[in-house]
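**Q** Those protein sequence lines, which keep their order, are chains A and B.
Quick note on the numbering used here: the first sequence kicks off at 177 and runs consecutively.
Quick note on the numbering used here: the second sequence kicks off at 26 and runs consecutively.
FYI, nobody ran anything at the bench for these hints, they're computed from the structure.
There may be inaccurate statements among the hints.
SDA-like, lysine to any residue: derived pairs with alpha carbons at most 20 Å apart [as the list claims (entries may be wrong)]:
(1) B:Lys513 - A:Ala254
(2) B:Lys622 - B:Phe532
(3) A:Lys286 - B:Leu27
(4) A:Lys291 - B:Ser32
(5) A:Lys287 - B:Val116
(6) B:Lys134 - B:Val465
(7) B:Lys173 - B:Ile150
(8) A:Lys192 - B:Ile29
(9) B:Lys528 - A:Arg252
(10) A:Lys286 - B:Ser32
(11) B:Lys513 - A:Ser234
(12) A:Lys291 - B:Leu27
(13) B:Lys87 - B:Glu248
(14) A:Lys200 - A:Ala254
(15) B:Lys513 - B:Leu621
(16) B:Lys528 - A:Asp233
(17) A:Lys286 - A:Gly238
(18) A:Lys200 - A:Ser188
(19) B:Lys134 - B:Asp263
(20) B:Lys134 - B:Ile106
(21) A:Lys287 - B:Leu621
(22) A:Lys286 - B:Lys622
(23) B:Lys273 - B:Tyr210
(24) B:Lys528 - A:Ser188
(25) A:Lys291 - B:Ile29
(26) A:Lys286 - B:Asn189
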Amino acid sequence: MEILRAEHVSYSYQSKYQKVEAVKDVSCSFEQGKFYAIVGESGSGKSTFLSLLAGLDSPSEGVIYVQGEPLNGMDRDAYRLNRAAVVYQSFHLFPLLTARENVMLPMEFKKISRKDAARQAQKLLSRVGLEPRIGGQFPKMMSGGEQQRVAIARAVASGGEIILADEPTGNLDSENEANVVALLKELAHEDGYTVIVITHNQRVAEETDHVFCMKDGRMEQAR
Amino acid sequence: MLLIRNSIRQLFRMRGRALLFFLLLATASGLCSLGRGFLVINREKMAAYEDSFLTIGTVEQKADKVRERMIWDAELKNYHIYNSSVYDTFVPLSALTFEGADYLSGPKKRGFYGAYMPQYEMYGIGMNLGEVVEGSPLEDVVPDHPVKFQVSRVLAGMGTREGNVITFCDHYDPSPEKLYADKTYVMSLQYRPGHESEKEFEGDYVSEYVPFPILTSDQVDLEGNSVPDEVADDHFSDVVTEGFYETKRGKRWMNLVESWDYARHIFPVTGTDDINLLMPFYNGNAYISGGREFTQEEYERGDRVCLVSELFAQHTGLQIGDQLHLALQYANHRRTPGDAFGSNSMAVFSLLNAEGEIYPVFEEADYEIVGTYGGQAGLKDEYGMGYNEILIPSSSVKNSDADNILESGPMTGSTTSFRIANGTIDEYMEQWNKQGISNVEITFYDRGYSELEANINNMKYIAGLLIVMGTVMVLMVLFYFSWLFIGKQGERTAIERALGLQKRQCFLSLFSGIFLILLVGSVCGCTLGSGLAGKIASQIGEESYYDTTFGNSAAIDRETFPPGETVVFPAPMREAAVCTLLILSAGTGIAAVGILKNLCREPMQMFAGGQEAC
Chain A
177 MEILRAEHVS
187 YSYQSKYQKV
197 EAVKDVSCSF
207 EQGKFYAIVG
217 ESGSGKSTFL
227 SLLAGLDSPS
237 EGVIYVQGEP
247 LNGMDRDAYR
257 LNRAAVVYQS
267 FHLFPLLTAR
277 ENVMLPMEFK
287 KISRKDAARQ
297 AQKLLSRVGL
307 EPRIGGQFPK
317 MMSGGEQQRV
327 AIARAVASGG
337 EIILADEPTG
347 NLDSENEANV
357 VALLKELAHE
367 DGYTVIVITH
377 NQRVAEETDH
387 VFCMKDGRME
397 QAR
Chain B
26 MLLIRNSIRQ
36 LFRMRGRALL
46 FFLLLATASG
56 LCSLGRGFLV
66 INREKMAAYE
76 DSFLTIGTVE
86 QKADKVRERM
96 IWDAELKNYH
106 IYNSSVYDTF
116 VPLSALTFEG
126 ADYLSGPKKR
136 GFYGAYMPQY
146 EMYGIGMNLG
156 EVVEGSPLED
166 VVPDHPVKFQ
176 VSRVLAGMGT
186 REGNVITFCD
196 HYDPSPEKLY
206 ADKTYVMSLQ
216 YRPGHESEKE
226 FEGDYVSEYV
236 PFPILTSDQV
246 DLEGNSVPDE
256 VADDHFSDVV
266 TEGFYETKRG
276 KRWMNLVESW
286 DYARHIFPVT
296 GTDDINLLMP
306 FYNGNAYISG
316 GREFTQEEYE
326 RGDRVCLVSE
336 LFAQHTGLQI
346 GDQLHLALQY
356 ANHRRTPGDA
366 FGSNSMAVFS
376 LLNAEGEIYP
386 VFEEADYEIV
396 GTYGGQAGLK
406 DEYGMGYNEI
416 LIPSSSVKNS
426 DADNILESGP
436 MTGSTTSFRI
446 ANGTIDEYME
456 QWNKQGISNV
466 EITFYDRGYS
476 ELEANINNMK
486 YIAGLLIVMG
496 TVMVLMVLFY
506 FSWLFIGKQG
516 ERTAIERALG
526 LQKRQCFLSL
536 FSGIFLILLV
546 GSVCGCTLGS
556 GLAGKIASQI
566 GEESYYDTTF
576 GNSAAIDRET
586 FPPGETVVFP
596 APMREAAVCT
606 LLILSAGTGI
616 AAVGILKNLC
626 REPMQMFAGG
636 QEAC
């Protein structure tokens with residue numbers, strides 16, 4: 177089932193010196209329960225495109241549909257809160273909250289009680305392979321792999337159906353990389369999430385069901 | 026609540042920074058509040074001083090020259106030489122009315138009135154009124170030494186009796202007229218120090234009487250010129266012959282005898298525009314002890330109200346609210362009651378006008394006693410209160426006293442004064458000096474207001490400095506911590522946005538923790554600052570109010586600053602609240618600008634670290 181579709185999406189912005197066309201006329205679609213990779217060189221526009229899919233900004237041209245509904249017409253904050261979660265290369269955890277509190281936060285935003293959120297968060301942390309003691313630790317005390325797992329647990333905690341990951345393994349060693357990729361793959365294939373990762377790591381791309389390639393802002397399906 | 030809780034939780038996990046923010050903000054707020062508190066307390070102090078400190082000026086005309094006055098002393102057979110001041114003319118009161126002279130009351134040349142009240146007798150003061158007697162010397166004699174004189178009739182006075190032989194000497198006349206034993210003389214005499222060595226006259230203690238020349242009127246006009254007395258000269262005696270008392274001169278003697286009784290029942294009455302212009306009240310020797318002072322309206326309307334001394338009220342049984350009938354008989358434009366009725370012995374004036382009649386009453390009315398005053402009379406001081414002195418609003422006397430003036434004199438410090446606003450002495454003197462009147466001297470009394478004003482101005486300067494320092498520090502703290510807690514929290518806002526929080530929720534998330542510290546810090550700082558300001562001001566107040574180095578007397582408003590009680594200035598908590606609100610507003614504004622600056626960028630830009638302006 178198609179869950180996300182981009183139709184002729186372009187995005188440009190005015191930098192200090194010139195107008196930059198980051199995404200040019202991109203059309204593609206993503207289905208539920210699939211694991212996607214978007215590859216490309218640095219500056220090819222893949223991260224920008226992912227942000228557009230996450231509703232963090234609006235396309236200059238074209239439309240992104242979420243289950244047939246244009247994202248432009250939706251409450252983009254509610255979209256991110258309920259349907260699409262983002263995982264970043266640099267994790268972007270709240271440094272002053274513990275791992276558990278970071279995971280609890282999206283649930284609490286959705287009015288889930290603190291007690292239930294804490295219980296769920298602990299389960300999710302176990303699910304992503306973290307020991308219970310990690311739950312009480314602050315991000316600074318964790319390794320990169322552990323932080324990324326917490327970020328993935330937080331994405332799952334939001335309860336949406338789309339996980340958008342921007343270079344999720346970019347800061348990880350090969351062992352952690354494999355673990356994170358396996359986790360994302362599991363979320364797609366077993367839990368039915370649509371997982372889209374941005375990567376320029378061939379090994380990661382090979383683990384996905386479909387690979388899109390971006391070059392100079394344009395998209396082409398590689399596999 | 027979740028957002029607020031999270032915000033506070035995150036802030037408190039930066040304990041060091043949060044604590045530093047709190048401490049610096051509290052200190053800065055404290056400085057602001059302390060400064061503002063000082064400023065307000067100083068303002069209140071000044072207001073209190075305005076009520077309790079008074080600046081009055083007294084006016085004294087300097088004599089144009091000094092003349093030697095020679096008085097014969099029969100015992101020494103020589104003259105005593107005294108210096109007396111001579112005034113070519115009296116400088117009129119109007120000389121004090123000039124451009125730039127802004128009086129709160131006065132200028133006023135007071136003097137006093139004599140009110141005849143036969144139902145009451147002067148109390149508390151000695152009355153050496155003397156005698157009017159008829160009699161003859163025991164032998165023909167020139168009384169240039171103590172001589173024996175037999176009293177055949179006492180017309181007035183209580184010092185001697187009919188048949189008594191008294192000692193008499195025309196002590197002050199170098200060539201007295203001869204007295205004859207076969208003639209009867211009427212004389213006004215007074216016991217005075219005369220031949221001290223001859224008190225033991227022929228073995229017995231005998232008082233010596235000397236002439237008391239009050240048969241002659243001292244009446245003067247408004248300009249101070251003597252009104253000619255066609256009947257009497259300075260003579261103190263006359264030969265009594267058949268029908269003498271039917272003559273003009275004889276009638277004058279009878280009027281003098283009648284006035285003797287008046288003298289015991291005449292009370293000094295002072296009309297004033299402001300009781301603080303009376304030095305005893307100004308310097309605290311006199312004070313309202315019961316009832317109330319006159320109101321401004323009573324002064325202006327000239328209401329028939331009066332203040333009496335406690336002693337007078339006690340002696341007469343009069344109470345506040347009672348009516349006192351005042352029949353004003355004469356006006357004395359030269360002396361104050363303190364001078365005439367302030368010593369142990371009352372001054373005695375001739376109560377006869379130039380026509381030889383007892384001064385007729387020129388103003389008569391019932392006055393309501395609205396208050397009593399306490400204080401010591403009998404200080405033998407022209408600046409003191411007179412015994413049984415009665416105070417009335419000067420404008421309550423409606424009729425002219427022009428025909429009833431028994432003495433006149435120049436403006437003196439005790440009779441002429443005015444009141445100006447505190448702190449305006451220099452301005453006044455600058456204008457006065459331009460008038461070019463060199464024979465009038467003005468002396469100011471301000472109870473040390475000038476020194477206090479200088480101190481207060483110093484405190485104002487310190488308060489200003491504290492406010493500036495505090496404000497600068499508050500702004501620096503606010504900007505620095507705004508940058509630390511907000512400017513550097515762009516990523517946090519971006520994560521929250523990415524997690525689906527709306528902008529207003531992100532605002533609340535970031536702002537609530539900061540606001541809490543702002544609130545607690547500013548409330549603590551401002552409260553402590555104001556409390557400290559009150560405490561310091563009270564300590565300074567305690568030292569200064571009762572430290573006589575600040576004033577020329579301890580005469581401070583007894584209601585505002587009761588003696589023996591610590592002057593406590595309450596901490597200006599309203600100002601603390603104002604200060605807190607101002608700091609909160611500034612902090613909120615600065616924080617809001619920082620947060621909105623974060624929020625106006627899309628999360629994507631924020632993650633990318635873009636700094637483009639919104």
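**Q** Work down the list of hints and note, for each, if the structure agrees.
**A** Now the hints, each set against the structure:
1. The straight-line distance between the Cα atoms of B:Lys513 and A:Ala254 is roughly 26 Å, outside the 20 Å bound, and the hint therefore fails.
2. The suggested pairing of B:Lys622 with B:Phe532 holds, with an alpha-carbon distance near 11 Å, which does not exceed 20 Å.
3. A distance of roughly 11 Å separates the Cα atoms of A:Lys286 and B:Leu27; the hinted pair therefore holds under the 20 Å criterion.
4. Taking the CA atoms of A:Lys291 and B:Ser32, the gap is about 19 Å. The hint holds against a cut of 20 Å.
5. Under the criterion of a C-alpha separation no larger than 20 Å, the hint pairing A:Lys287 with B:Val116 is inconsistent with the structure, at around 94 Å.
6. Using a Cα cut-off of 20 Å, the hinted pair B:Lys134 and B:Val465 holds, with the two alpha carbons roughly 14 Å apart.
7. At most 20 Å may separate the alpha-carbon atoms for a hinted pair to count; B:Lys173 and B:Ile150 exceed this at roughly 31 Å.
8. A hinted pair counts as satisfied when its Cα atoms are at most 20 Å apart, and A:Lys192 with B:Ile29 does not qualify at roughly 37 Å.
9. Restraint check for B:Lys528 and A:Arg252: satisfied, since their Cα atoms lie roughly 12 Å apart, inside the 20 Å limit.
10. Under the criterion of a C-alpha separation no larger than 20 Å, the hint pairing A:Lys286 with B:Ser32 is consistent with the structure, at around 17 Å.
11. Among the hinted pairs, B:Lys513 with A:Ser234 is inconsistent with the structure: their alpha-carbon atoms are about 25 Å apart, more than 20 Å.
12. Distance check on the hinted pair: A:Lys291 and B:Leu27 sit about 13 Å apart at the alpha-carbon level, within 20 Å; holds.
13. Distance restraint check for B:Lys87 and B:Glu248: the Cα-Cα separation of roughly 17 Å lies within the 20 Å cut-off, and the hinted pair is therefore satisfied.
14. Between A:Lys200 and A:Ala254 the CA atoms are separated by roughly 27 Å; this puts the pair beyond 20 Å, and the hint is violated.
15. The suggested pairing of B:Lys513 with B:Leu621 holds, with an alpha-carbon distance near 13 Å, which does not exceed 20 Å.
16. Between B:Lys528 and A:Asp233, the direct Cα distance comes to roughly 14 Å. Compliance with the 20 Å bound is thereby established for this hinted pair.
17. Our distance criterion of 20 Å between C-alpha atoms is broken by A:Lys286 and A:Gly238, whose separation comes to about 31 Å.
18. The suggested pairing of A:Lys200 with A:Ser188 holds, with an alpha-carbon distance near 8 Å, which does not exceed 20 Å.
19. Pair hint B:Lys134 plus B:Asp263 does not hold up; C-alpha atoms about 39 Å apart against a cutoff of 20 Å.
20. Among the hinted pairs, B:Lys134 with B:Ile106 is inconsistent with the structure: their alpha-carbon atoms are about 31 Å apart, more than 20 Å.
21. For the proposed pair A:Lys287 and B:Leu621, the alpha carbon gap of about 26 Å is over 20 Å, so the pair is violated.
22. Restraint check for A:Lys286 and B:Lys622: not satisfied, since their Cα atoms lie roughly 26 Å apart, outside the 20 Å limit.
23. For the suggested pair B:Lys273 and B:Tyr210, the alpha carbons sit about 16 Å apart, so the restraint of at most 20 Å is met.
24. For the hint pairing B:Lys528 with A:Ser188, the CA-to-CA distance comes to about 23 Å; that exceeds 20 Å, so the pair is violated.
25. Distance check on the hinted pair: A:Lys291 and B:Ile29 sit about 18 Å apart at the alpha-carbon level, within 20 Å; holds.
26. Between A:Lys286 and B:Asn189, the direct Cα distance comes to roughly 125 Å. Violation of the 20 Å bound is thereby established for this hinted pair.
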